[in-house]
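K.L.:
Put chain B on the given structure of chain A with help from the hints.
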Amino acid sequence: MRIGKDLVAAAATPVVLGILSEGESYGYAILQRIAELSGGELEWSDGMLYPLLHRLERLGHVDSEWRQSPGGRPRKHYRLSAQGASTLADHRRQWSVIGGVLDQVWPDGADHRQPRLALGLD
Amino acid sequence: MTTERAPALDELIASWRDWMERRDALSVRDVDELESHLRDRVDALTAAGLTEDEAFLIAVRRLGSIDELSREYAAEHSGRLWKQLVLTDSSDTEGADASTGTMPFARRANGLAVALLLGVGAGIAVKATELLSGGPELVIRNIAVLVLPFLAAWFAWRRRPPAGTLLGVAAAFAAVALALNLYPFDGGSSSVTVAMQDSATAVLATIGSIVALWLVTGIVDAGGVWRSDRTRMDFLRFSGEWLVYYVLIAIVGGALSGLTVAVFASIQVDIMPFISEWVLPCGASGAVLVSAWLVGAKQRVIENIAPVLTKVFTPLFTLMMLALIVASLMQWNLVDGSRDLLIAFDLVLVVVVALLVYSISARDPALRPGWFDRLQVLMLAAALIVDIIVLVAMIARTGEFGFSANKTASLGLNLILLANLAWATWLQIGFVRRRVPFGRVESWQTGYLPVYLGWAAILVFAFPPLFGFA
Numbered sequence: 001m002r003i004g005k006d007l008v009a010a011a012a013t014p015v016v017l018g019i020l021s022e023g024e025s026y027g028y029a030i031l032q033r034i035a036e037l038s039g040g041e042l043e044w045s046d047g048m049l050y051p052l053l054h055r056l057e058r059l060g061h062v063d064s065e066w067r068q069s070p071g072g073r074p075r076k077h078y079r080l081s082a083q084g085a086s087t088l089a090d091h092r093r094q095w096s097v098i099g100g101v102l103d104q105v106w107p108d109g110a111d112h113r114q115p116r117l118a119l120g121l122d
Numbered sequence: 001m002t003t004e005r006a007p008a009l010d011e012l013i014a015s016w017r018d019w020m021e022r023r024d025a026l027s028v029r030d031v032d033e034l035e036s037h038l039r040d041r042v043d044a045l046t047a048a049g050l051t052e053d054e055a056f057l058i059a060v061r062r063l064g065s066i067d068e069l070s071r072e073y074a075a076e077h078s079g080r081l082w083k084q085l086v087l088t089d090s091s092d093t094e095g096a097d098a099s100t101g102t103m104p105f106a107r108r109a110n111g112l113a114v115a116l117l118l119g120v121g122a123g124i125a126v127k128a129t130e131l132l133s134g135g136p137e138l139v140i141r142n143i144a145v146l147v148l149p150f151l152a153a154w155f156a157w158r159r160r161p162p163a164g165t166l167l168g169v170a171a172a173f174a175a176v177a178l179a180l181n182l183y184p185f186d187g188g189s190s191s192v193t194v195a196m197q198d199s200a201t202a203v204l205a206t207i208g209s210i211v212a213l214w215l216v217t218g219i220v221d222a223g224g225v226w227r228s229d230r231t232r233m234d235f236l237r238f239s240g241e242w243l244v245y246y247v248l249i250a251i252v253g254g255a256l257s258g259l260t261v262a263v264f265a266s267i268q269v270d271i272m273p274f275i276s277e278w279v280l281p282c283g284a285s286g287a288v289l290v291s292a293w294l295v296g297a298k299q300r301v302i303e304n305i306a307p308v309l310t311k312v313f314t315p316l317f318t319l320m321m322l323a324l325i326v327a328s329l330m331q332w333n334l335v336d337g338s339r340d341l342l343i344a345f346d347l348v349l350v351v352v353v354a355l356l357v358y359s360i361s362a363r364d365p366a367l368r369p370g371w372f373d374r375l376q377v378l379m380l381a382a383a384l385i386v387d388i389i390v391l392v393a394m395i396a397r398t399g400e401f402g403f404s405a406n407k408t409a410s411l412g413l414n415l416i417l418l419a420n421l422a423w424a425t426w427l428q429i430g431f432v433r434r435r436v437p438f439g440r441v442e443s444w445q446t447g448y449l450p451v452y453l454g455w456a457a458i459l460v461f462a463f464p465p466l467f468g469f470a
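Protein sequences, first through last, are from chains A and B.
Letter 109 of the first sequence, counting from 1, is numbered 109 in my numbering, and no numbers are missing.
Letter 34 of the second sequence, counting from 1, is numbered 34 in my numbering, and no numbers are missing.
If we strip away everything but chain A, and leave its shape as in the complex, we get (with noise of 0.2 Å):
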């Protein structure tokens, strides 16, 4: 299966913003995560992250740092900023409202048998 372009660049900002609410990570960790919690179903090419963390960082949802990798390599690391943190949160509830919506309309009901958490939904 295929997530559509449009529904990815939408996701985006709230997975990102929610994996790094888990604690501050960078931009390969993040994209392993993103592919361990979609089971490698939602992807985009690597570089695309990139320019979205710096996004974040411009608009303050994300604070950065240069860091030394455990092998001595130079790494960027982000940290969600407390005005991230709010961001995310109204992230979840619109995307609550819109699952709730989906799940009443879906022809054949509510669909259960996967966990949302991924995309922080409840």
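Wrong hints could be hidden among the right ones.
SDA-like, lysine to any residue: derived pairs with alpha carbons at most 25 Å apart [as the list claims (entries may be wrong)]:
{"id": "1", "chain 1": "B", "residue 1": "311", "chain 2": "B", "residue 2": "365"}
{"id": "2", "chain 1": "A", "residue 1": "76", "chain 2": "B", "residue 2": "9"}
{"id": "3", "chain 1": "A", "residue 1": "76", "chain 2": "B", "residue 2": "21"}
{"id": "4", "chain 1": "A", "residue 1": "5", "chain 2": "B", "residue 2": "65"}
{"id": "5", "chain 1": "A", "residue 1": "5", "chain 2": "A", "residue 2": "54"}
{"id": "6", "chain 1": "A", "residue 1": "76", "chain 2": "B", "residue 2": "44"}
Residues from chain A shown here face chain B by an in silico Cβ test under 8 Å; the list is partial [claimed, not checked]:
{"id": "7", "residue": "45"}
{"id": "8", "residue": "46"}
{"id": "9", "residue": "47"}
{"id": "10", "residue": "48"}
{"id": "11", "residue": "50"}
{"id": "12", "residue": "51"}
{"id": "13", "residue": "54"}
{"id": "14", "residue": "73"}
{"id": "15", "residue": "75"}
{"id": "16", "residue": "76"}
Just so you know, the hints here were simulated from the structure itself, not pulled from any lab data.
Beta carbons: idealized from backbone N, C-alpha and C, even for Gly.
P.N.:
Showing chain B alone in chain A's frame:
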């Protein structure tokens, strides 16, 4: 095994970095981040059993197409597509490695601190002279001697010319200063008393001193290698850019001063005297250094603007001169023109030479002659015709009225520029017909610089005694 292979991966990544860094939208730090990602991915893939080559190919592929990626970066960092003159920049200053922490303060931002310090020095020199001498007349006459040493000091700091060059330049400054202040110009000026009205020779000497000392300052900029075509052309480029920045600063400074005066006037405080007595003289002299710093700082960042202006104004100026030729032929009244006609035409010729020089300064010597070079032939020819008409008229008049200092000076300048343009036209025609290499067109202009210096020196040293300091 890994130690044997590591260089191969490093080479691959280095060439990939090269490729990425060429994109305007990606900064070096962005590429660092992507490289870190790439290496993480390669590590994971090699751990899964792939060779480093394969892992690298897959990792790069997974990053996405470079075009798309740089478009994404550009959307986020649109400012990067506009080249910015980063004032706090330290990475591309010469002589400093990427280790920015170790760079001495003075070297940061292309030496802004030094330029500002020298600018303040120039302002103080001007203001102190005015306060000590009790009026602006002495300052105006000595303006080149007061301000340009600071510019020379700036060049000396940047280029580190040999001591002999500095001594020679210092001697030139001293000689001009002595001539300007010891000659007994009419109008009651000795070096101490205040000149109420400067004589014509004093004004000419002032203009001459500005031109001469500017060119002499160029010797410091050339680091003493002033015979070389290249360094001369570089100084010409510097002069053009400097003028553009100076005018920009002057316009903005004037507008801000006007605004300040207006705002204070609205609360019934008159700060006009403060502006005209302190801000204007100090600002105008300080701006000389700030413009010089800007030219150096932006050299590799922003395209030269003088050649762009040249491209825009050469056609317009050519049209203007053609119209002038037609008008003068129909009316034949240039002969009875006003007294200032010759000076006006000196300015026309100066503009023509400047248009020519700055288009030469930006031209790629390897390019074949094109429409613009033909247009320049037309411009040069028109300028020559106009000038000859004027010259014939004026020589007839000087025969009638004799030689005053002003007339002789402007006639001399006119002849100098005419000689330049006549030969330049010949060379340009040869260049358009591909008989003359571009290098000769260029070296004619750079080779002509000493002539200007010579004439300026004559204005300073020989004219006052020749014309009785009148």
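K.L.:
Take the hints in turn and mark each one as holding or not.
P.N.:
To see whether the hints hold, each was checked on the structure:
1. Restraint check for residue 311/B and residue 365/B: the C-alpha separation of about 16 Å stays at or below 25 Å, so the hint holds.
2. For the suggested pair residue 76/A and residue 9/B, the alpha carbons sit about 21 Å apart, so the restraint of at most 25 Å is met.
3. Between residue 76/A and residue 21/B, the direct Cα distance comes to roughly 18 Å. Compliance with the 25 Å bound is thereby established for this hinted pair.
4. The suggested pairing of residue 5/A with residue 65/B holds, with an alpha-carbon distance near 16 Å, which does not exceed 25 Å.
5. Of the supplied pair hints, the one linking residue 5/A and residue 54/A holds, its CA atoms being roughly 20 Å apart against a limit of 25 Å.
6. For the proposed pair residue 76/A and residue 44/B, the alpha carbon gap of about 18 Å is at most 25 Å, so the pair holds.
7. A cut of 8 Å between beta carbons decides the hint on residue 45/A: the least distance to chain B is about 3 Å, and the hint holds.
8. Against a cut-off of 8 Å between C-beta atoms, the interface hint on residue 46/A holds, since the closest Cβ of chain B lies about 5 Å away.
9. This hint holds: residue 47/A has a C-beta 4 Å from the nearest C-beta of chain B, less than the 8 Å allowed.
10. Given the 8 Å rule on beta carbons, the hint for residue 48/A holds: about 6 Å separates it from the nearest Cβ of chain B.
11. With its C-beta approaching chain B no nearer than about 6 Å, residue 50/A sits inside the 8 Å limit, and its interface hint holds.
12. Look at residue 51/A: its Cβ gets to within about 4 Å of chain B, closer than 8 Å, so that hint holds up.
13. Restraint check, residue 54/A versus chain B: the minimum CB separation of about 5 Å is within 8 Å; hint holds.
14. With a least beta-carbon distance of about 6 Å to chain B, the hint placing residue 73/A at the interface is held under the 8 Å criterion.
15. At a threshold of 8 Å, the smallest CB-CB gap from residue 75/A to chain B is about 5 Å, leaving the interface hint in force.
16. The closest approach between the C-beta of residue 76/A and any C-beta of chain B is roughly 5 Å, which is under the 8 Å cut-off, so the hint is satisfied.
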